[in-house]
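Trainee: Keeping the supplied structure of chain A fixed, place chains B, C, D and E with the ligands upon it in accordance with the hints.
Protein chains in written order, with the numbering used here: chain A, 1 to 393; chain B, 1 to 302; chain C, 1 to 374; chain D, 1 to 374; chain E, 1 to 295.
Worth flagging that the hints you see were computed from the coordinates, not collected in a lab.
Yeah, the Cβ is synthetic: ideal placement off N, Cα and C, and Gly gets one too.
Not one of these hints is a red herring.
Per label pair, the in silico range of CB-to-CB distance: (1) B/TYR293 to D/HIS125: 45 to 55 Å; (2) D/VAL66 to C/PRO368: 56 to 66 Å; (3) E/ALA271 to B/TYR293: 40 to 50 Å.
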Amino acid sequence: QPTAEVLHYWTSGGEAKAVKALKEDFEANGGKWVDAPVAGGGGDAQAAVLRSRVLSGNPPAAVQIKGPNIQEWAEAGALGDLTQLGKQEGWDNVLPPLLQDIVKHDGKYVAVPVNIHRVDWIWINPEALEKVGGKPPRTWDEFNTLADKLQAAGIIPLAHGGQPWQDATVFETVALGIGGAEFFNKAFVELDADTLKSDTMVKVFDQMRKMRGYVDADFPGRDWNLATSMVMRGEAGMQIMGDWAKGEFIAAGKKPGKDFLCIPTPSNGGYILNSDSFAMFNVTNEDDKAGQTLLASLILGEKFQETFNLFKGSIPARMGVSPDKFDECAVKSMVDLQVSSKAGSLVGSVAHEIAASGAVRGAVLDVVTEHFNSDMTSEAAVARLAESIELAE
Amino acid sequence: MTQKSIPVKQPLLDWLRRNVAKLVVAPTFALMIFFVYGFIAWTGYISLTKSKMLPTYSFEGFYQYIRLWKMTPWNVAMENLLIFGSLFILISIVLGCLLAIALDQRVRAEGFLRTIYLYPMAISFIITGTAWKWILNPGLGIQNTVRSWGWESFSFDWLINSEMAIYTLVIAAVWQSSGFVMALFLAALRGVDSEIIKAAYLDGASLSRIYLVIILPTLRPVFLSCFFILTHLAVKSFDLVVALTGGGPGYSTILPANFMYEMTFRRNQIGLGGASAIMMLATVMAIVIPYLYSELRERKHD
Amino acid sequence: MASLSIQNVKKSYGSVEVLKGIDLDLEDGEFLVLLGPSGCGKSTLLNMIAGLDTITGGEILIDKTVVNDVHPKDRDIAMVFQSYALYPNMSVARNIGFGLEMRKVTKEERERRVEEAARMLQIDHLSDRKPAQLSGGQRQRVAMGRALVRDPEIFLFDEPLSNLDAKLRVEMRTEIKKLHQRLGTTMVYVTHDQIEAMTLASRIAILKEGEVQQFASPQEVYERPANMYVAGFVGSPPMNFVPAAVVSENDKIGVSIERTANGSRSSVFLPLPEDRQNISEWVGRDVFLGIRPETLTHRSDAEMSLNTRLQAFDCQVEVLEPTGADTLTYIELGGREVIARVNPYNTTEPGQTMAFMVDMGKASLFDPKTEMRI
Amino acid sequence: MASLSIQNVKKSYGSVEVLKGIDLDLEDGEFLVLLGPSGCGKSTLLNMIAGLDTITGGEILIDKTVVNDVHPKDRDIAMVFQSYALYPNMSVARNIGFGLEMRKVTKEERERRVEEAARMLQIDHLSDRKPAQLSGGQRQRVAMGRALVRDPEIFLFDEPLSNLDAKLRVEMRTEIKKLHQRLGTTMVYVTHDQIEAMTLASRIAILKEGEVQQFASPQEVYERPANMYVAGFVGSPPMNFVPAAVVSENDKIGVSIERTANGSRSSVFLPLPEDRQNISEWVGRDVFLGIRPETLTHRSDAEMSLNTRLQAFDCQVEVLEPTGADTLTYIELGGREVIARVNPYNTTEPGQTMAFMVDMGKASLFDPKTEMRI
Amino acid sequence: MTDITALPGGKSPWQSAARFGLYTLLLLFAAYYILPLIVVLSTSMKDLDEIRNGTLLSLPAEINFEAWGYAWNEACIGVSCTGLKPYFWNSVAMTIPAVTISTLLGALTGYSLTKFRFRGANLIFALILFGCFIPFQVVLLPMAQSLGFLGIANTVPGLVLVHIVYGLPFTVLFFRNYYVNIPDDLIKAATIDGAGFFMIFWRIMLPLSPPIIVVTVIWQFTQIWNDFLFGASFTTGGGQPVTVALNNLVNTTTGVKRYNVDMAAALITAAPTLAVYVLAGRYFVRGLTAGSVKG
Ligand SMILES: Nc1ncnc2c1ncn2[C@@H]1O[C@H](COP(=O)(O)OP(=O)(O)OP(=O)(O)O)[C@@H](O)[C@H]1O
Ligand SMILES: Nc1ncnc2c1ncn2[C@@H]1O[C@H](COP(=O)(O)OP(=O)(O)OP(=O)(O)O)[C@@H](O)[C@H]1O
Ligand SMILES: [Mg+2]
Ligand SMILES: [Mg+2]
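Bound-form chain A, shown alone:
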């Protein structure tokens, strides 16, 4: 019997429903699903478990990891090879090139992507917007004006949770919006020191300082979903968060376009991509191998891509899935993905560990969060950022 022990950290809201869908699909196809959830910290805890499992020579069959982590594990020789299955099912033709880069190592498939999240969303409460007579911002200046209005009306402009990854999420949307895709990649992918220390980066931090002013006092340590519900309840006007936030709205019975608005953060057609994927670790047991194959092929199957992403709020990782059932936000995401991909303004997320390795991401997080939680000047932050990234390598 194909068996798959699946190590994941999808335990909240829509995620949990989505993974349940995968499980049911897997079992319907005769597989045996061994659930290994590790909740907490967006994968922090999971990382320790995975490391210890690999070191003990007993890795789980499928593990939810992503971005450069996949490359690093593959480098270490810990991942299995799915190339054959990939050929069989023609993955080369259905996966966008950016995703292929992520899940392939040395030209071999070592992981399968599940979805594509867009990170650079603003979630807006339309009632609040109406109350202050504002309209969705298209530039950061407009964003600031709107926020000021909201604040004047006694509404918290920006719902935010003070956790490093949330700070970084906001930061990268600002960086993309102010610097553009080229700047973004140069800074965070190529780690170019000049770019990191550039005036543009100073401006980015200036905007971050403004953002800090739009956040309520109680934000430190707040979970993102609590921030989301602040928007739902109208306590706050906006939240900058990836499209998993939509799952919260939907789960609370809200309708997109009516009860909440989704608009991309101000940027010149940019798109910050985040993608979850399952890496298939080296297993020796035949059942496990069969389980991996089954799981991989299910994950990339159209049916699963559709049901899963409907729950999760993201869009399918493979092309050719009918957008019919998806809501307007998702459809917009699909369209924008194509556009920005062509325009070259598609970037990988730093905060969500797509564009940068764990160490670089951590270095960025350290500085961003330090700046956000203190009265550090933008210049000092920029210097610190360059230094910190240099140390991380």
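Mentor: Quick look at chains B, C, D and E with the ligands alone, frame taken from chain A:
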């Protein structure tokens, strides 16, 4: 009476008899050598390599240590350890001692109070962390409650203030450990020779004098025990930060254990993690080894 | 210095009555020893005198003032504890001076007095040591010093010598004796060692289960014990109790005792001295004859000729216990094992018959029913 | 029963030599007492005999077999500890029977023997109690019972009476003596109480700092102590050492001592008896005269006429210490404080001059340099 | 200590004021210690509306154990909605052998180290004791490797081994310090009586050990039961101890966050250790006196 004879020697049996104690200690000792010292050595070695995702074994010298001490978060973590550790130890000992003395005054319901003071030791922060987070959260907990009583300007927002958040860790850690300290002191107070106290009364000393000048100085060993127990708790503190502040605001409340964990598991910097682990161990050793040495020397003359 | 008066003092712990009405009166400068077995309430009484324990009933007067409600520190009493109760964290000098420190005596005055006391007790070279670094005897001296330096109205000692070894005990006993002779302060001393009691006391109070059995001078207690309990408790080896019958023979009243001599049993008549002939109402009744071992010894005609109260008889020796100075000789009298104290040069072998003499002038008679002295 | 031979036995803990070559030979059925001050190595030696401690050098033989490497449980030895070392978790009966249980004696046999031992020690009514519920004396008996029931070759006692009060100690001492007389088993008994040693031993070994000072019968040790250490250790109150000069007067060799009489100082000559006249080489030299308190007493002309070795002199009395049976009288002789044991009826007041006599036949002379007996 | 309040002349008004102050102090701190427990307990008994509308510190309007049942039987942990029940029994299965074995080994080792003082015993003790101070994060990786090598990775026996190893320094410490005060004569007596090493241990030492066994068992039980790090790192899925499951449960939401369930689950998780402290706390203090405090 029958003639009893002294039996002849049985070499193997004799050997076993003579060495059985060592044989019994051997497994424990072997476990310690391997699982404590072996692992420390392993970590020590790893800290001298450039291991990232998984351990690699090529020697690189002190590269990781140099990096470590250049990193702001590590310096913050060590600074935090200093502040947190000293306050935590000081307050726990003072409070534990005070409560023990208070409980020693033949109070009513002593058993009940003692249980209340002691129970936090029984519960992990994984369990009570949320409760503390709520209590300390300005929007939900004490601040909110006091304001709802009508004192509108009352403010208690340490948890979300990066300057003060480290002190909330102290509050919660003291909550957890001071009861244990109290138990140690209480146990020791109960062992003080009552004739000494009587003698002090006849000498004309007041109650506070008796405690201050006579009883507390005799509890020196307890102070010492508490100091070492608390030191190692402070250095080991990890759950507390995770549960209460998550290291925040920013990374203003991380402790070395959190730093080490983050580096090793989240940022794929096993070598760096190893280096920080060795620094933590060095901190503990600097305090513990003199203690063990004096403890065991003292015992010799018992 | 002060007088001490204990009037019908009672003490109960819960429903247990530990002291059942104690009456003792002490003159200024007397040395009272409280003697009794473990648990009889000696420490309790001492603690009550010191004010360290409340009084359930009765009154304690120091210098004719009732002190029942006076706090210990205001009673001007010093006490030496069985465990010495030295402050372990303080040096010898500080230990001794602590009482003065608490009483706000100036530093110079304090140092002078501490030094004086230390010199008197020959511990001045130990001033800087901690109690843990002292031997038992030295600790005992420090405890004494702590009491001495205060120059109190009354000294209390709670078995201060019981933790010392035999040799040191004898030495310290003599020192306490000398101390009392020099200071003349009223002292109350608790012990369960009767030798200490005998050598130190000006008066002894023998306690048993919270009641005073006899309160008299040591000599009185030794020679005329009020009852069999006191007689048995004081003296080592203890007084022999021989079942005897009071008979009148040749117009003399005396006692008749069964004994073994030359392997056969017979009875021996021991006349009482002149001054004890006044107990004719007891003739024909059973009594216990109390004989101290040192008054029962090998026959010496020379002594017998000098002292007419000595009476001779023969008896078979059963066990010999040489102690060096004397040999304790066990014989059987009246069906009981009886100890005689014999000069080592006058002993025979076990099983042999030997000639003894007993000093009937020092013998006591007890009523077997009430156990009281007749 | 067995003989015991200890041949040049040494023991070191690290660099500290605790026993420095002990030689002792015991016949079957002897009662050896090891006597010495605290820390002299008595327990160490006993532990080595029992096999509880390894031997650094020399040999121990039981019944002529070297047992150096024999495990304690195979030596057939029973031991009574100072602390009794009763198993706190077991009943009295279980405590006594534990050794038999370990040796796989059948249940019936075991019960029979335990009961027998308990009856012999009069603790059969306590069988079901735990040690914590017993008094000191009862515990001591249980400890004895545990040894007794085993019927071993050798009994070892490590200060078994030192935790008891004075009264009980005397009683238990006698019981141990009787026990030895009845069983006839070889016994080794450790104590630092010289009275116990004197009364119990068939031979005494006096230890000091890991060396045997004298190994002889109690009488020999008491009367002819090998050196001043032994002389001072055995006997209570201890032997008086009086600085004296050996002189020859009227053809008789004797000692001359300074003393105070009638308030003025003078010297007194005490001739030595016939059998001690052979020390002419010492004439003119200083010695210590050793006099036991009981041989120095109030003058009695009756006795002096019988015993020519008694010598009379006068001296001023300084302190009196009545112990009941005797009065210890302190006088000054040769510049030292000297104790005389006087009958309570023959005492005077302190400060008065009194007539004494001393038994020179029982006096010892010591070389002041080597401290050895002359 | 002596009853100092009952001394003669000690009943002044000043004294009663001091007494009052004393009780105020004690109660104040009792509030500090009890507060988090009250918050957890009262939240677990409220329903969701009450939680949302009331303040945190208010007491529940009515006592309601619904959340408890839900946490025990139905709450979702990851994709499986089994409640805490199976994980609770995992913890039991892990804790009992780990506590038993580490206590027994600690007792044996303490006994050997104190009653058979072979050369180097003190050094060995010091080396073992040092294990108390090792931060657990340090050993995660090498431990994972070792467990894999031993073939017990990701199993309950593996976790049991880990807890035994890192519990041993504490159990050895407790037992050694306790046994140091048991007279050596007892061992000598038993040796002469013919009992061997294990017989003495079994028949003499163990029966004397209940006070320190209580301390050790309480200590080990709470440490092992409360462990999160090892449980989270060395087990996955259905084999996890209850603390890990609790963490997963609290972080698993399907729609609304049910704080009352979270709190009920926390209390269920804490129940065994709480019970142990409340029931045996008295012996704990007593045993501490006997065991680890000297002087
Ligand atoms: N606090 C107390 N509560 C109850 N009973 C007590 C208390 N203190 C003493 N006792 C009892 O009172 C009795 C007398 O005790 P006390 O200490 O006075 O005896 P003691 O004569 O000094 O004996 P020892 O010679 O052993 O010191 C004992 O039976 C003891 O058990
Ligand atoms: N295990 C040991 N290590 C080092 N020295 C020891 C040890 N055991 C005993 N000693 C030393 O050996 C000497 C003799 O000790 P031992 O116990 O035999 O004395 P003792 O004569 O029995 O004294 P006591 O009358 O006090 O029992 C002492 O000085 C003691 O300090
Ligand atoms: Mg007493
Ligand atoms: Mg000894």
